[in-house]
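Participant: Fit chain Y to the supplied structure of chain F, relying on the hints for placement.
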Amino acid sequence: MSGTSHPAAPGGVVPPVATPRPGNAPGPGRRRRRRRISFDRASFFAVALLLPLTVYVIFVISPFAQALYFSMTDWSGFTADMAFVGLDNFARLLGDDKFMRAALNSALLAVIVPTVTIVLAIGVATMVTVGGSTTGGVRGVRGAGFYRVISFFPYCVPAIVIGLVWAQVYDPSRGLLNGVLTGIGLDGMTDFPWLGDSRTAMGASMFVIIWSFVGFYTVLFVAAIKGVPGEIYEAARLDGAGRFRTAISITVPLIRDNVRTAWIYLGIAAIDSFVYMQAMNPGGGPGYSTFVISQDLYQTAFSKGQFGYATAMGVVLALVTLLFAGAVFLVDRITGGRDDVRGHA
Amino acid sequence: MSVVAEQTGNPARGDLGGPPSGTPRRTASGTAGDRTAATTSHVLLMFGAVLVVVPFLWVFVSSFKTTSEILASPFSLPADPSLDNYVNAWTDAGIGRYFLNTIVVVGCALFLVMLLGALTAYVLARFRFPGNKVIYNLMLAGLTFPVFLAIVPLFFVLRNAGLLNTLPGLIVTYVAFAFPFTVFFLYSFFRSLPHEVSEAAQVDGAGEWRTFFQIMLPMARPGMASVAIFNFLGLWNQFLLPVALNTETDNYVLTQGMAQFASQAGYAVDFGALYAGVVMTVIPVLVVYVFFQRRLQGSVAQGTFR
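Protein sequence lines correspond, in order, to chains F and Y. Here this note's numbering is used: position 164 in the first sequence is 164, and no number is missing along the way. Here this note's numbering is used: position 149 in the second sequence is 149, and no number is missing along the way.
Treat the hints as calculated values from the structure; they're not laboratory data. Be aware that one or more of the hints could be misleading.
Non-contacting residues of chain F with respect to chain Y, defined by C-beta distances greater than 12 angstroms in every case (computed) [claimed, not checked]:
{"no.": "1", "residue": "Asp197"}
{"no.": "2", "residue": "Leu330"}
{"no.": "3", "residue": "Thr335"}
Derived, one-sided and incomplete: chain Y residues facing chain F with beta-carbon distance under 8 angstroms [to be verified]:
{"no.": "4", "residue": "Ala49"}
{"no.": "5", "residue": "Val59"}
{"no.": "6", "residue": "Thr120"}
{"no.": "7", "residue": "Val123"}
{"no.": "8", "residue": "Leu138"}
{"no.": "9", "residue": "Leu149"}
{"no.": "10", "residue": "Pro153"}
{"no.": "11", "residue": "Val175"}
{"no.": "12", "residue": "Phe177"}
{"no.": "13", "residue": "Phe179"}
{"no.": "14", "residue": "Trp236"}
{"no.": "15", "residue": "Thr255"}
{"no.": "16", "residue": "Ala259"}
{"no.": "17", "residue": "Tyr289"}
{"no.": "18", "residue": "Gln293"}
For each residue, glycine too, the CB sits at the ideal point set by N, CA and C.
Just chain F, with the same shape it has in the complex:
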């Protein structure tokens, strides 16, 4: 559930700064806490802490931990036989053409999807916040709220439905896209299989993924830009900076932390991409051109029953994800991330 379903999580992840409580810091309240253990108190802690944590550890933490061990076995699942094979699975992955193809596709998604999504989202966010009239107060274009409400909606729609809807739009003969293209005179597009041609399948799939993310990150960037004091934009305007220059030199540096967070969450979601690909090309697309690691893992585990090998793919997926996050932080540091430049209130 991390990543795709809860992209809002970055907010929650950061431990909030302990706010000093005025007046009564470690005063009488502290003493009140040190009471003897009553039934009320014991039952409260059992239900509030012990019960949920037990469930959480069994169903979330223990599978993560077990995965590390399973990935080093040749376990095929339904028998107890499980030989420890060390790193054999990982060596085998390197020579597995299908997996390497999937890894390449996932890497491609991790680079292109976040980049395009962030550029588009910053563009839209700029237009709806500071892209308006250059006279009077700094503001966005008229009707900004309308565009924001529309663009955010795909975030709420199940990804499987988004994939299905677009698979219908891309359909060679019944689809809306070819209908429009032939309608405007591009007869060469009659029956062109957007998702069935290895030249276009990946691009078309990426478009759908980006389409579903842009609105959410627009809202994120809108909030960040609104946290920048208007005077900064007014000053830039007085200095004669145009909209494009302002976006590059003022907005992006000032919302840098948000861009970094967005990059990480988009990257994680793009490396996954499971639902979208399953919806548009469950088999991996023409010539495996849209086949991704998550699909390979799913097939290897639940169709072929090679659970040890599939778990090794899961470990690789997790490593790739962590490496990606690390790379984003590194690039951010190298390009001079200035941590406290953000002028939010």
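Facilitator: Same frame as chain F, now just chain Y:
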């Protein structure tokens, strides 16, 4: 697309002059550069809005067409709009059953995760005890790693517990995976609540249970609402967990029912039912979105500053 907009919209140097100060705000005003920028922005934003709305609208209209009409032309309107597709989807394609399953699973999981998440967040935020930090980091781990890493072992955890392919099993899994997000979000909320009120309650003799349910939980209502909306959407849209852990057709949730359409080959698919299924799956989230979009977007916004 934004880049183009901003370049063409680059205002002329002389825009410091502007119109007389009497111009009311929010009217189309300003220099020629402003007008170009505004026009370009609106064209691009409108194009984006159309791109979002049209596919859904097309599916909605198509859901009232007969199969032969669907195959004939993507643009034709239904000659005789009927609800046949909805009936077919609801009964033949099993969407009705999946819909009920989804309501049961999401309803139960949402209630449980909100209750347990709020309790844990409250304890972590308001009590100091050994292990507090460890628990916090465990939550972080649950949020950091991809679910795909856990999915195979999870399959066997559920199988060993006899919960595989059952709705209770799915509910427990949903609760467990939505739990860390819920705790994180509510943690910061409970921390920000004033201490005086709960202390007053305890002075008056209220126990831990009463203090939580009658004092603290009501105060955390705004935070609870935001998290509940996110969790509702996250669970309603959940795909990987049910696909891997709930493979009994009778127990399918909506997203699995929809995925069935994708895995069926070509023309064997009842496209009318597919469109109707899409509409029926989207309507609940559309309702939630229409009612709560302000809070939803507000929460996303707040999240960035935390």
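Participant: With reference to the structure, classify each hint as holding or not holding.
Facilitator: Hint by hint, here is what the structure shows:
Every CB of chain Y lies more than 12 angstroms from the CB of Asp197/F, the least distance being 16 angstroms, so the non-interface label holds. Every beta carbon of chain Y lies more than 12 angstroms from that of Leu330/F, the smallest distance being close to 17 angstroms; the non-interface claim holds. The claim that Thr335/F lies off the interface holds: its Cβ sits roughly 20 angstroms from the closest Cβ of chain Y, which is beyond the 12 angstroms cut-off. Interface hint at Ala49/Y: satisfied, since its Cβ lies 4 angstroms from the closest Cβ of chain F, which is below the 8 angstroms cut-off.
Taking 8 angstroms as the C-beta cut-off, the interface hint given for Val59/Y holds, the closest approach to chain F being about 5 angstroms. Taking 8 angstroms as the C-beta contact cut-off toward chain F, the hint placing Thr120/Y at the interface holds, the least distance being around 5 angstroms. Hint on Val123/Y holds. Least Cβ distance to chain F is approximately 5 angstroms, under the 8 angstroms limit. Nearest Cβ of chain F to the Cβ of Leu138/Y: about 6 angstroms, under the 8 angstroms cut. The hint holds.
Interface restraint check for Leu149/Y: the shortest CB-CB distance to chain F comes to about 4 angstroms, inside 8 angstroms, so the restraint holds. Here the hint on Pro153/Y is kept, as its CB sits about 4 angstroms from the closest CB of chain F, short of 8 angstroms. Checking Val175/Y against chain F by beta carbon gives a least distance of about 7 angstroms; that is within 8 angstroms, so the hint holds. At about 4 angstroms, the closest approach between the beta carbon of Phe177/Y and any beta carbon in chain F falls short of 8 angstroms, and the interface hint on this residue holds.
Taken as an interface hint, Phe179/Y checks out: its beta carbon lies about 5 angstroms from the nearest beta carbon of chain F, inside 8 angstroms. With 8 angstroms as the threshold, the beta carbon of Trp236/Y comes within range of chain F, its nearest partner Cβ sitting at about 7 angstroms, so the hint holds. A cut of 8 angstroms between beta carbons decides the hint on Thr255/Y: the least distance to chain F is about 5 angstroms, and the hint holds. Hint status for Ala259/Y: holds, given a least beta-carbon distance of 5 angstroms to chain F, under 8 angstroms.
For Tyr289/Y, the suggested interface contact is upheld, since its CB lies about 5 angstroms from the closest CB of chain F, less than 8 angstroms. At a threshold of 8 angstroms, the smallest CB-CB gap from Gln293/Y to chain F is about 6 angstroms, leaving the interface hint in force.
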